[in-house]
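Top line first, the protein sequences correspond to chains A and B.
Terminal number for the first sequence in our numbering: 291, no gaps in between.
Terminal number for the second sequence in our numbering: 594, no gaps in between.
Because the hints were derived from the structure by calculation, they are not lab data.
C-beta: ideal position from N, C-alpha, C; glycine also.
A couple of the hints might just be wrong.
Calculated pairs, DMTMM-like style, for lysine to aspartate or glutamate (alpha carbon to alpha carbon, straight line, at most 20 Å) [as the list claims (entries may be wrong)]:
| hint | chain 1 | residue 1 | chain 2 | residue 2 |
| --- | --- | --- | --- | --- |
| 1 | B | 304 | A | 189 |
| 2 | A | 54 | B | 427 |
| 3 | B | 305 | A | 253 |
| 4 | B | 304 | A | 184 |
| 5 | A | 54 | B | 446 |
Listed next, the stretches of chain A that the computed footprint assigns to chain B, with coverage defined by at least 3 CB atoms under 8 Å from CB atoms of chain B [stated by the list, open to error]:
| hint | region |
| --- | --- |
| 6 | 59-68 |
| 7 | 171-184 |
| 8 | 238-247 |
| 9 | 263-272 |
Far from chain A, some chain B residues (derived; all Cβ distances over 12 Å) [to be verified]:
| hint | residue |
| --- | --- |
| 10 | 352 |
| 11 | 373 |
| 12 | 393 |
| 13 | 411 |
| 14 | 435 |
| 15 | 452 |
| 16 | 454 |
| 17 | 487 |
| 18 | 538 |
| 19 | 564 |
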Amino acid sequence: MQKKQLKKTQKGNFLSIIVDGFIWIFLIGTAAFILAPLVFMFTASLMPASDVMKMPFPWIPKGIHWQNYWQGIRGNDGSFIYIRNILNSFIVAGSVTVTTVILSAITGFGLAKYRFWGRNIVFMMIMATFMIPFEAIMIPLYLVITKLGFQNSYQGLIIPFLVNAFGIFLMRQYYITFPDEILDAARIDGASEMMIFRTIIVPNSIPAMATLAVLTFKSQWDNLLWPLLIVQSEEMKTIPQYIVRFISEKHTDEGALMAVASIASIPILILFLRLSKYFIGGAALFSSRKG
Amino acid sequence: MKFSFLKSGVEQKKSRWGLFFVIPSILFFSLFSFYPIFTALYTSFFRKKLLSLNPPDFIAFQNYTYLLKSPDFWNSIRATAVFTIGTFIPIVILSLILANFIVSRKKFQQFFQMAYYSPAVLSSVVVAVIWLLIFDPRGLGNQVLNFLFNSPGVDHKFLANSVMVQVSTMLVYSWKYLGYFTIIFIVGLTTIPQSTHEAALIDGASRWQDFWYITIPLLKPTTVLVSVMSMLQCLKTFSTQYLFTQGGAPMAPINVITLNIYHTAIRDHRIGRASAMSVILFFIMLIFTWLQFRVSRSEEVSY
Numbered sequence: 001m002q003k004k005q006l007k008k009t010q011k012g013n014f015l016s017i018i019v020d021g022f023i024w025i026f027l028i029g030t031a032a033f034i035l036a037p038l039v040f041m042f043t044a045s046l047m048p049a050s051d052v053m054k055m056p057f058p059w060i061p062k063g064i065h066w067q068n069y070w071q072g073i074r075g076n077d078g079s080f081i082y083i084r085n086i087l088n089s090f091i092v093a094g095s096v097t098v099t100t101v102i103l104s105a106i107t108g109f110g111l112a113k114y115r116f117w118g119r120n121i122v123f124m125m126i127m128a129t130f131m132i133p134f135e136a137i138m139i140p141l142y143l144v145i146t147k148l149g150f151q152n153s154y155q156g157l158i159i160p161f162l163v164n165a166f167g168i169f170l171m172r173q174y175y176i177t178f179p180d181e182i183l184d185a186a187r188i189d190g191a192s193e194m195m196i197f198r199t200i201i202v203p204n205s206i207p208a209m210a211t212l213a214v215l216t217f218k219s220q221w222d223n224l225l226w227p228l229l230i231v232q233s234e235e236m237k238t239i240p241q242y243i244v245r246f247i248s249e250k251h252t253d254e255g256a257l258m259a260v261a262s263i264a265s266i267p268i269l270i271l272f273l274r275l276s277k278y279f280i281g282g283a284a285l286f287s288s289r290k291g
Numbered sequence: 292m293k294f295s296f297l298k299s300g301v302e303q304k305k306s307r308w309g310l311f312f313v314i315p316s317i318l319f320f321s322l323f324s325f326y327p328i329f330t331a332l333y334t335s336f337f338r339k340k341l342l343s344l345n346p347p348d349f350i351a352f353q354n355y356t357y358l359l360k361s362p363d364f365w366n367s368i369r370a371t372a373v374f375t376i377g378t379f380i381p382i383v384i385l386s387l388i389l390a391n392f393i394v395s396r397k398k399f400q401q402f403f404q405m406a407y408y409s410p411a412v413l414s415s416v417v418v419a420v421i422w423l424l425i426f427d428p429r430g431l432g433n434q435v436l437n438f439l440f441n442s443p444g445v446d447h448k449f450l451a452n453s454v455m456v457q458v459s460t461m462l463v464y465s466w467k468y469l470g471y472f473t474i475i476f477i478v479g480l481t482t483i484p485q486s487t488h489e490a491a492l493i494d495g496a497s498r499w500q501d502f503w504y505i506t507i508p509l510l511k512p513t514t515v516l517v518s519v520m521s522m523l524q525c526l527k528t529f530s531t532q533y534l535f536t537q538g539g540a541p542m543a544p545i546n547v548i549t550l551n552i553y554h555t556a557i558r559d560h561r562i563g564r565a566s567a568m569s570v571i572l573f574f575i576m577l578i579f580t581w582l583q584f585r586v587s588r589s590e591e592v593s594y
C-alpha cells in the first residue's frame, strides 16, 4: 500500500519535473526571441555593413566598427542634422512630460479635493476625451496648428500634448485617498491653497508623478505621426523622422542604420533600466483602470 | 446642502480655487480635443483641398458615399481588421500563458518581466527598422526559418509577398507589445488570492485543473481588458506599416486606415475625405472603448 503510494508520488514528481522543465524552456526561449532583435541592433551597429548582411549572421563583432556611429550622426549628406533632431526629441518629450505632469497634478488635485459647481461635468468631459483617439482628430488638429502659425516649430510639436485625460485620471485617483485632515491642518496654519499644493501634495505624490512622467516621455519619444504632419524642415524634425529619412535614402549603410537606431534607443533604455518599476507599474495601472 | 446658506467664506474661497485648478485643462481640452472632433465631423461634409484658396464646397454625404464605394478604402478596412485580429489574438493567448508561467517561478520573475517588457519602451520606428533588416532576404529571418525547417537557401519573402508582409507586421507588433500585456496579466493574477488556489489544491485539483477552473474564470476581467486594449492599440497602428512601405514593402496589403488617412490628407491634399475617414475610425474605436468601459464595470469579480 505504502509502496504504491510512494510510486504514485514519484511518478507525479517525474511529471512535474518535466512540466517544470518545459516551462523554463518556454520562458527562456521567449526571452531569447524577445531579446535577440535588441542584441542584433547593438551588435550590428558595431559591424561593417558587409558583416550585418552576412549569412549566417556573426553575432559577435570582429572588431568595433565605430565608423557606423560617425556615419549615422554625420548623415549621408554630411549635415550632422541628427544631433539637432536628437536635441529636438529631448526638448519636445521633455517639455510635454513637464507640462503633462504639472497640469495633470493640478487638475487631478482640483477634481479630487475641491467641491465646486460643475465638478462632475468637468470630470466627465475630461474622461470623454479618452474616447477621442488622436488619430481621429489629427487632421483638424493639423489645420488648427497651421492656422495658429505653429508649423515647423516647437510650439506646434508640443501644444497638442500639453496634458491628457489619462494623466488627470491617474492623479485624481491618487489624490482622492489623500487624507483631508492634513490639508485642513495646513489651512488652519495659514497655508494658501497654492502652498498646500506645492508643499504637501506634490512631495506626497512623487511615485504617481514619476509613473506619469516616464509613460509620457516614452510616448513622445515614440511619436512619429504628428511630427510627420506638422514638420517639414530638416531642422525641426525629431528622431523618428530622421530614421524614416535615413531609411528612404538610397545606399544607406545597414550598420549605420543600426547605429542610428541604437542612439535613438539608448536614452529610453537607460531610463527603463533605472526606473523600471515606474514603467512596469505604469503598465500595471491600466489593469486597475475602471470606468 | 441644507446649510448651504451658511457656507462660510472659506468654503467659497475653496471652491473658487478648485475651479482655478481645473480651468487650464478645460481650456486645453476644448481647444485641442473637442473643437477638432467637431471640426472633423464638419469638414467631412465638404470638399476641401489642403492649400486651396477656394472656399470648400458643401457636398453633404458625398465623402462618405465615395468612401463606401471606394475599393481603396475597403482595402484599408480589410487591412486594419486582418491586422487587428491577427495581432490581438496571439498577444492575448501568449501573454496569458507567459504571465502564468512567470508567476509560477520562484526565481527570475523580475528578470523575465523586464526582458519581456523591454521592446515596449523602444520607439515603433526603431522596432520597424530592426525588423526590416531581419526580414531582408539575406537577413536573420530567413536564416532562422531555414535552420528550423532545414530548408537552406529558401527566401520567405517577408516583405515582398502580400500575405507574408501582413504576417510580418503582425509579428513585429506582437513582439513589441507581448511583454506589456504580460505585465497586465501578472497584475491580474496576483489579485487572485493565494487561498483560492490552495483550497483547490487541497481538494485534490491538479495544477492544470487549478489553472483551467480557478485562474481562467477569475481572470476574465483582465482577459477582456487586455483584449480590448490590444484591439484599440492595433486599430491605431501606423509607424510599423509606414516604415515598411518606406523600406520598400508593397503598400496595398498593409495600407491600414491611419496610413490611408495620412496619405489622403498629406499626399492627395483631400482634407474632406480624410476627415470622413477619421470620423469612421472614431466611431469604430468608440464602439470598442465603450465596450471596454462596460465590460470593465460589469465583469468585476469579488472574492
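Within 8 Å of chain B's CB atoms, at least three CB atoms from the region 59-68 of chain A: coverage verdict: Our answer is that it is violated, as 0 residues pass the Cβ test (under 8 Å) against chain B, missing three.
Within a Cα-Cα threshold of 20 Å, do residue 54 of chain A and residue 427 of chain B meet the stated pairing? With Cα atoms ~11 Å apart, residue 54 of chain A and residue 427 of chain B stay inside 20 Å; holds.
Take a quick look at residue 393 of chain B and tell me if its Cβ sits farther than 12 Å from every Cβ on chain A, holds or violated. Non-interface label fails for residue 393 of chain B: nearest chain A Cβ at 7 Å, not farther than 12 Å.
Check of the region 171-184 of chain A against chain B for coverage (Cβ-Cβ below 8 Å, three residues minimum): violated (count 0)
Confirm or reject the statement that residue 452 of chain B sits farther than 12 Å, beta carbon to beta carbon, from all of chain A. Fine: 20 Å to the nearest Cβ keeps residue 452 of chain B off the interface.
Quick one: see if chain B covers the region 263-272 of chain A, three-plus residues with Cβ-Cβ under 8 Å. holds (count 6)
Restraint status (C-alpha distance of residue 305 of chain B to residue 253 of chain A at most 20 Å): 62 Å, violated
Could you check that no beta carbon of chain A comes within 12 Å of the beta carbon of residue 435 of chain B? 9 Å, violated
Residue 352 of chain B clear of chain A by more than 12 Å, beta carbon to beta carbon? Non-interface label stands for residue 352 of chain B: nearest chain A Cβ at 18 Å, farther than 12 Å.
Evaluate the condition: distance from the CB of residue 373 of chain B to the nearest CB of chain A exceeds 12 Å. Holds, since 18 Å exceeds 12 Å.
Confirm or reject the statement that residue 538 of chain B sits farther than 12 Å, beta carbon to beta carbon, from all of chain A. At roughly 6 Å from the nearest Cβ of chain A, residue 538 of chain B sits no farther out than 12 Å, so the non-interface label is violated.
Could you grab the alpha-carbon distance between residue 54 of chain A and residue 446 of chain B and see if it respects the 20 Å cut-off? 15 Å, holds
Violated hints, in rising order: 3, 6, 7, 12, 13, 14, 18, 19; the structure is consistent with all others.
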